[in-house]
Amino acid sequence: MLVNCVAYQDGRKLAEIRKEEISEYVKRPDAFVWVALKDPTPEELEEMAREFNLHQLAVEDARHGHQRPKIEEYGNSLFTVLHVIELHGDEVNIGEVNVFVGPNYILSIRQRTEHGFGEVRARAESEPELLKNGSGFVLYALMDNIVDRYFPVVDQLEIELEKIEELIFAAETPKANIKALYGLKHKLMVVRHAVEPLIEATHKLYGGRVPQVCVGTQEYFRDIYDHLLRVSSQLDGLRDMVITAMQVNLSMITLQENEVTKRLAAYAALVAVPTMIAGIYGMNFKHMPELDWMIGYPLALLAMGAIDGVLWFKFRSIGWI
Amino acid sequence: MLVNCVAYQDGRKLAEIRKEEISEYVKRPDAFVWVALKDPTPEELEEMAREFNLHQLAVEDARHGHQRPKIEEYGNSLFTVLHVIELHGDEVNIGEVNVFVGPNYILSIRQRTEHGFGEVRARAESEPELLKNGSGFVLYALMDNIVDRYFPVVDQLEIELEKIEELIFAAETPKANIKALYGLKHKLMVVRHAVEPLIEATHKLYGGRVPQVCVGTQEYFRDIYDHLLRVSSQLDGLRDMVITAMQVNLSMITLQENEVTKRLAAYAALVAVPTMIAGIYGMNFKHMPELDWMIGYPLALLAMGAIDGVLWFKFRSIGWI
Amino acid sequence: MLVNCVAYQDGRKLAEIRKEEISEYVKRPDAFVWVALKDPTPEELEEMAREFNLHQLAVEDARHGHQRPKIEEYGNSLFTVLHVIELHGDEVNIGEVNVFVGPNYILSIRQRTEHGFGEVRARAESEPELLKNGSGFVLYALMDNIVDRYFPVVDQLEIELEKIEELIFAAETPKANIKALYGLKHKLMVVRHAVEPLIEATHKLYGGRVPQVCVGTQEYFRDIYDHLLRVSSQLDGLRDMVITAMQVNLSMITLQENEVTKRLAAYAALVAVPTMIAGIYGMNFKHMPELDWMIGYPLALLAMGAIDGVLWFKFRSIGWI
Amino acid sequence: MLVNCVAYQDGRKLAEIRKEEISEYVKRPDAFVWVALKDPTPEELEEMAREFNLHQLAVEDARHGHQRPKIEEYGNSLFTVLHVIELHGDEVNIGEVNVFVGPNYILSIRQRTEHGFGEVRARAESEPELLKNGSGFVLYALMDNIVDRYFPVVDQLEIELEKIEELIFAAETPKANIKALYGLKHKLMVVRHAVEPLIEATHKLYGGRVPQVCVGTQEYFRDIYDHLLRVSSQLDGLRDMVITAMQVNLSMITLQENEVTKRLAAYAALVAVPTMIAGIYGMNFKHMPELDWMIGYPLALLAMGAIDGVLWFKFRSIGWI
Amino acid sequence: MLVNCVAYQDGRKLAEIRKEEISEYVKRPDAFVWVALKDPTPEELEEMAREFNLHQLAVEDARHGHQRPKIEEYGNSLFTVLHVIELHGDEVNIGEVNVFVGPNYILSIRQRTEHGFGEVRARAESEPELLKNGSGFVLYALMDNIVDRYFPVVDQLEIELEKIEELIFAAETPKANIKALYGLKHKLMVVRHAVEPLIEATHKLYGGRVPQVCVGTQEYFRDIYDHLLRVSSQLDGLRDMVITAMQVNLSMITLQENEVTKRLAAYAALVAVPTMIAGIYGMNFKHMPELDWMIGYPLALLAMGAIDGVLWFKFRSIGWI
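Protein sequences appear in the order of chains A, B, C, D and E. Heads up, the first sequence is in numbering that gives the first Met the number 0, so the first residue is 0 and it goes up one at a time. Heads up, the second sequence is in numbering that gives the first Met the number 0, so the first residue is 0 and it goes up one at a time. Heads up, the third sequence is in numbering that gives the first Met the number 0, so the first residue is 0 and it goes up one at a time. Heads up, the fourth sequence is in numbering that gives the first Met the number 0, so the first residue is 0 and it goes up one at a time. Heads up, the fifth sequence is in numbering that gives the first Met the number 0, so the first residue is 0 and it goes up one at a time.
These aren't lab readings, by the way, just hints derived from the structure by calculation. Be aware that a few hints might be false.
In silico EDC-like pairs for lysine to aspartate or glutamate, Cα to Cα no more than 16 Å straight-line [stated by the list, open to error]:
1) A:K178 <-> B:E161
2) E:K69 <-> C:D225
3) C:K184 <-> A:D291
4) B:K285 <-> A:D291
5) C:K69 <-> A:D291
6) B:K186 <-> D:E161
7) A:K184 <-> B:E199
8) E:K174 <-> C:D235
9) E:K285 <-> D:D291
10) D:K184 <-> E:E118
11) B:K69 <-> B:E199
12) B:K186 <-> D:E157
13) B:K174 <-> D:E157
14) A:K186 <-> B:E23
15) C:K285 <-> E:E161
16) C:K69 <-> A:D225
Predicted, not measured: the structure shown is a model, and the values here were computed from it.
Using the sequences and the accompanying hints, generate a full structural model.
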């Protein structure tokens with residue numbers, strides 16, 4: 000589905016144009032065309048490939064989807080794959096944005112995501128002196144928008160971890176905690192796969208030999224690179240803490256077993272000792288003077304209670320009960 | 000066993016030729032010969048080595064088999080070892096494909112695998128404008144075919160992990176889970192050994208100084224490189240989750256022991272308390288007024304039942320039963 | 000909030016100047032202006048950006064705050080983000096210091112930290128021959144001051160670990176130990192995130208192509224680099240030991256369970272054996288000679304005591320009690 | 000001890016020569032001398048050092064022994080340290096081979112190993128066209144021979160792991176398994192220390208600036224490099240699986256404890272319930288109608304048996320017995 | 000404290016000189032001065048800094064002490080920090096040696112260590128042809144001496160590990176083992192911090208652009224580099240085995256708990272069964288024929304003994320007792 004198709008010159012919008020006019024505008028020396036597609040059909044993709052003369056391998060990647068994030072040079076044009084991450088409860092939705100950038104065109108294709116780039120276009124159009132930098136600056140604006148949205152995702156995962164941490168130390172739902180930690184680890188892995196490959200790729204847009212379309216905007220791409228490093232380092236930290244939290248949870252479970260064993264031992268003692276005493280006075284010896292005492296029975300009960308009382312306080316003091 | 004032996008010129012098939020004619024066609028400037036062998040005898044291999052003037056070390060590697068995946072340059076020719084992975088239930092079958100590529104020949108040898116390359120040949124012949132690129136493009140087509148078949152293997156391993164995950168949280172077959180995770184880890188290792196060495200090797204076919212036969216098709220080899228990275232990152236993720244799943248399984252086992260201990264404690268209490276009461280009324284004291292009561296016995300039974308009832312509800316409420 | 004605004008020439012203080020005079024002094028060839036802000040409003044920041052002609056991306060970073068530590072070149076000026084770490088009990092407070100450095104100005108902005116740089120200014124002014132090196136030397140002095148304050152933080156964390164270590168081997172508060180270790184791990188991660196990114200960044204200030212403002216003071220920045228490596232290696236060591244301490248704690252918990260189980264077993268035996276003997280003499284057989292003995296009862300009690308005594312010594316000797 | 004001392008020219012053996020003649024043959028432009036020593040005395044070593052003009056540091060290394068594997072250049076000669084690994088049951092024997100290579104000599108010294116290089120000499124002499132490459136080719140032949148013998152060692156360790164794996168899942172000898180795994184880990188470490196340092200060293204013999212004596216035989220050294228990578232990757236895999244096997248073993252032990260606890264609980268119940276019933280009918284209440292029944296006793300026994308029967312089947316069905 | 004102060008020329012000792020003469024000898028073109036200090040006062044240090052014109056940052060590092068090992072270039076001189084490791088029982092003492100090296104002076108300062116360098120001086124003076132290489136060779140001799148003393152330290156740690164290993168598998172002192180392993184890990188970390196940073200630093204003294212004072216002695220520094228790699232690889236191996244030993248110890252503890260539980264279960268059964276039988280014959284049913292039998296009592300005792308005997312052998316055979 001075609002979302003937008005606009006021609007720009009000198010940082011200002013020329014006109015919304017029809018698809019058929021694209022090749023005409025692309026020829027103008029100082030202008031560039033910005034096309035946005037959403038979940039395009041193979042035919043739409045093929046049409047764009049013809050208009051912009053895109054490389055067949057890149058078009059195939061865009062058609063298949065499910066690529067890893069990357070930035071590839073084809074001659075003097077770039078092909079970029081970015082992941083859009085959306086958390087819906089326990090599900091991580093990974094959308095994909097493919098961007099084809101040439102000296103005088105930029106084609107962005109978003110797939111399996113509701114997140115549009117209207118605000119990017121609006122902001123870009125409101126800063127003509129920056130938009131003058133051409134299609135490379137638009138690529139920056141798109142990447143910046145996508146990368147900035149990684150932060151709330153990571154923050155949400157951090158909040159999730161904090162909640163699990165509390166539960167772990169409360170030690171009341173160990174099984175649910177394991178499950179939650181495992182789920183969190185899984186989500187972290189998915190987000191990581193969206194972020195990591197982009198770091199190295201972005202580095203090539205500002206350091207060393209820079210692709211032609213990015214010349215003049217390197218400092219902007221370095222800014223994105225820096226943001227990606229920040230996300231990555233937060234993810235690393237999270238991953239580290241999740242692993243530790245799993246160990247903590249195992250320790251807490253083992254510790255709880257310890258507590259149970261102790262309590263079990265204590266209560267068993269409280270029952271076993273009176274049983275033993277009762278057993279002794281249940282023996283059938285002819286000559287057991289206590290049995291004939293008037294206060295034998297109350298005394299025996301008293302002894303049982305007293306011993307249990309002593310044991311109780313002892314167990315209390317060593318924390319077994 | 001000779002599977003195919005065809006000469007090509009300008010991207011089009013010239014003719015199926017006999018082995019004896021190879022050296023003749025190889026001399027033609029624009030033509031190249033594509034030979035496919037399957038589990039060749041040492042003699043067949045030696046014959047090809049003579050026809051194509053292959054390096055003795057590479058031929059020895061092909062004869063011995065069981066090489067790690069690699070791409071080696073010998074003068075202006077390449078020697079490539081690729082692994083073909085097939086999952087048969089719990090078994091991972093590793094076949095080997097050796098490819099010798101020179102400016103005007105390509106010799107592919109597959110060993111210990113049923114998977115042929117008829118479709119590769121068919122597709123290559125149907126795209127003459129690409130096949131014009133010569134033997135380097137055929138190498139790409141073969142590698143692409145082999146690497147693309149890694150994806151379903153990894154997907155299958157991911158499905159396997161998901162199944163084990165469910166069983167882990169169900170916590171009913173801990174022993175079988177350990178075994179399944181260990182087996183999965185082993186398979187991952189095998190697949191990893193097929194994929195990892197190829198990544199660096201493929202990198203050399205498109206970046207830096209590129210071997211002569213690959214010049215002009217670098218972008219295609221970069222595409223393979225990218226696919227290998229994707230496989231590798233999926234494998235990394237899987238490996239990470241398998242390790243975590245093992246920890247989870249251990250935690251679940253420890254947790255289950257906890258449950259068992261608690262239940263054991265609870266039921267022991269339910270039996271021990273009546274036994275203690277019975278013991279008390281089994282004592283032989285002369286003066287135990289309850290013993291003479293008409294309702295002594297029912298009262299005692301009632302007391303036992305009542306205490307057990309209270310205990311039962313208490314254990315219930317704290318989740319021990 | 001403006002803290003200071005001073006112009007320097009030839010290593011000596013010229014005058015405290017007003018904000019409006021900055022642009023005038025900046026034009027003088029051998030002079031430089033040193034401005035210090037604290038938690039500035041966006042307007043103050045904007046004003047400074049105009050006076051010093053700062054790059055918009057850097058100004059945005061300073062306004063947003065919460066950047067990772069970094070050193071970025073914008074043309075012939077530098078933008079530096081440093082973290083100030085303060086431990087308040089169990090809380091780690093991360094303040095931020097942004098430094099803009101040009102050939103004839105240095106602007107330091109501290110945010111969310113009470114720690115000022117008055118002493119840095121005093122020391123710098125007392126060494127005119129060093130201050131002659133210009134704004135680059137001031138950057139060094141600021142970084143040196145911040146980095147030197149990492150050492151007491153790391154030392155404090157090391158002391159914290161040592162305290163936990165003692166508690167672990169005392170094995171009396173396993174649960175609190177786990178919590179303390181987890182908290183320590185978290186703090187280490189926070190400190191690490193402040194230190195690690197700075198290492199690579201600082202390396203660029205003395206090795207390879209050095210930014211213009213740092214030329215002539217490389218050996219000073221190498222000194223900072225060296226200090227950062229020291230902090231980092233201490234953090235690595237700490238992290239390693241915390242992980243080990245967690246394992247040790249788990250081992251101690253498991254071991255303690257072992258002890259409890261053994262004691263439980265021993266005491267259970269001490270009660271169970273007399274109960275068994277009592278049970279035997281509680282049997283109602285007609286012909287049980289012992290029952291008629293005058294000393295039957297004392298003998299039975301004696302047997303119970305004797306067996307328990309033997310058991311007691313045996314359990315003692317194998318360390319179960 | 001001198002094993003061999005032979006002069007070669009143009010790939011063919013000239014003559015077995017005496018030690019005193021070495022310096023004479025070494026002067027001939029196209030000839031080279033190949034000397035083999037075994038566990039030499041310091042004097043023999045010193046003599047060779049004089050004959051071949053060896054560097055003092057290298058000679059010291061050879062005298063001390065116990066070096067890590069390495070390849071060092073001294074001017075236009077090479078000094079190589081290789082480890083020979085031999086498994087004798089549970090012992091790993093590390094022998095050492097030092098090779099000094101110059102343009103017209105090769106001196107191999109083997110220490111603490113019975114493994115000789117007669118077959119290497121025989122093979123080299125049977126291929127004069129390869130031996131023409133001079134002392135560099137002999138170095139290759141020696142290294143190839145040593146490296147090829149790493150494979151059966153690694154295979155043996157893999158077989159050892161497989162045996163332990165079976166025992167782990169059989170779960171009958173957990174203690175012996177731990178010991179076996181620990182021992183295997185130790186052996187892996189030893190083998191790794193023999194292999195790893197050699198990889199980087201060998202890389203220098205075929206890539207980048209190649210030492211003079213290896214020029215023309217680079218492809219042969221690349222072959223060795225490739226074999227070393229294969230050994231290394233097998234070792235990595237083994238190490239990974241050993242670590243996993245240790246975790247599996249711990250899980251199996253914990254699981255077994257689980258089983259024991261369950262069984263213990265089940266059998267305890269089977270004894271405790273009849274004891275409770277017996278206790279009840281052992282009470283001394285005057286009015287207990289069942290006691291007077293003719294069939295009271297058999298009924299009580301029946302009840303005990305019946306309840307135990309029910310419990311038995313229940314425990315069976317949940318797998319506790 | 001000044002230990003020595005000697006001038007050398009052409010590899011031979013000229014004279015022991017006074018501190019005041021240093022600057023005079025330093026001016027001679029072919030001579031160099033070798034000064035050794037021990038725990039110097041700030042004043043002594045300042046004096047030397049003046050005599051040799053040392054860089055202020057390096058002098059500050061030497062005054063503060065507690066630097067990480069490093070080798071820094073200041074113009075055409077070097078500043079070296081080395082750690083001297085001494086094991087005193089469970090304590091690791093880290094002394095520090097600072098070496099300032101210029102074209103015609105070498106100043107070594109040792110701090111917090113009793114280990115002197117008299118033997119280094121003696122050996123150097125006994126080899127005039129090597130000492131001719133000047134101050135760079137003296138630096139080598141000092142470093143070589145310090146690095147060679149790392150080997151016995153690592154060997155001692157290896158012996159320590161072996162002792163702990165034996166105790167682990169004996170499984171009699173699990174708590175002490177944990178403590179010992181933790182302590183060993185700590186020591187390893189300390190030693191590692193002394194060795195690791197030196198490796199990279201030493202590499203710069205023989206590879207790439209070599210500092211002026213080391214030119215001509217690169218092969219000697221490569222030898223040190225090689226020794227450091229060996230120490231480092233031993234430390235890596237040790238660290239790996241310590242981690243594994245901790246896991247093994249945990250497994251052994253868990254296993255021991257298993258044993259205890261089994262034994263507990265077995266002995267509990269041996270007591271519980273006779274108790275049950277006694278309970279049965281303690282019931283007060285009127286009609287219990289066995290009670291009237293003459294041999295009832297002995298039979299009951301026999302039954303108890305017989306059942307316990309059977310149980311005993313059964314528990315024996317399955318290894319629970």
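Hints versus structure:
1. Taking the CA atoms of K178 (chain A) and E161 (chain B), the gap is near 13 Å; set against the 16 Å cutoff, the hint holds.
2. Among the hinted pairs, K69 (chain E) with D225 (chain C) is consistent with the structure: their alpha-carbon atoms are about 9 Å apart, no more than 16 Å.
3. About 69 Å separates the Cα atoms of K184 (chain C) and D291 (chain A), which puts this hinted pair outside 16 Å; it is violated.
4. A C-alpha spacing of about 5 Å is found between K285 (chain B) and D291 (chain A), which places the hinted pair at or below 16 Å, so the restraint holds.
5. As the CA atoms of K69 (chain C) and D291 (chain A) are separated by approximately 92 Å, the hinted pair breaks the 16 Å bound.
6. For the hint linking K186 (chain B) to E161 (chain D), the alpha-carbon distance of about 14 Å falls within 16 Å, and the restraint holds.
7. Note on K184 (chain A) and E199 (chain B): the hinted pairing is violated, with a Cα-Cα distance of about 29 Å set against a maximum of 16 Å.
8. This hinted pair does not check out: K174 (chain E) and D235 (chain C) have alpha carbons roughly 26 Å apart, beyond 16 Å.
9. For a cut-off of 16 Å, the pair hint linking K285 (chain E) to D291 (chain D) stands: about 6 Å separates their Cα positions.
10. For a cut-off of 16 Å, the pair hint linking K184 (chain D) to E118 (chain E) is broken: about 41 Å separates their Cα positions.
11. Our distance criterion of 16 Å between C-alpha atoms is met by K69 (chain B) and E199 (chain B), whose separation comes to about 9 Å.
12. Between K186 (chain B) and E157 (chain D) the CA atoms are separated by roughly 15 Å; this keeps the pair inside 16 Å, and the hint holds.
13. Our distance criterion of 16 Å between C-alpha atoms is broken by K174 (chain B) and E157 (chain D), whose separation comes to about 23 Å.
14. Our distance criterion of 16 Å between C-alpha atoms is broken by K186 (chain A) and E23 (chain B), whose separation comes to about 60 Å.
15. Restraint check for K285 (chain C) and E161 (chain E): the C-alpha separation of about 66 Å exceeds 16 Å, so the hint is violated.
16. At most 16 Å may separate the alpha-carbon atoms for a hinted pair to count; K69 (chain C) and D225 (chain A) meet this at roughly 8 Å.
Violated hints, in rising order: 3, 5, 7, 8, 10, 13, 14, 15; the structure is consistent with all others.
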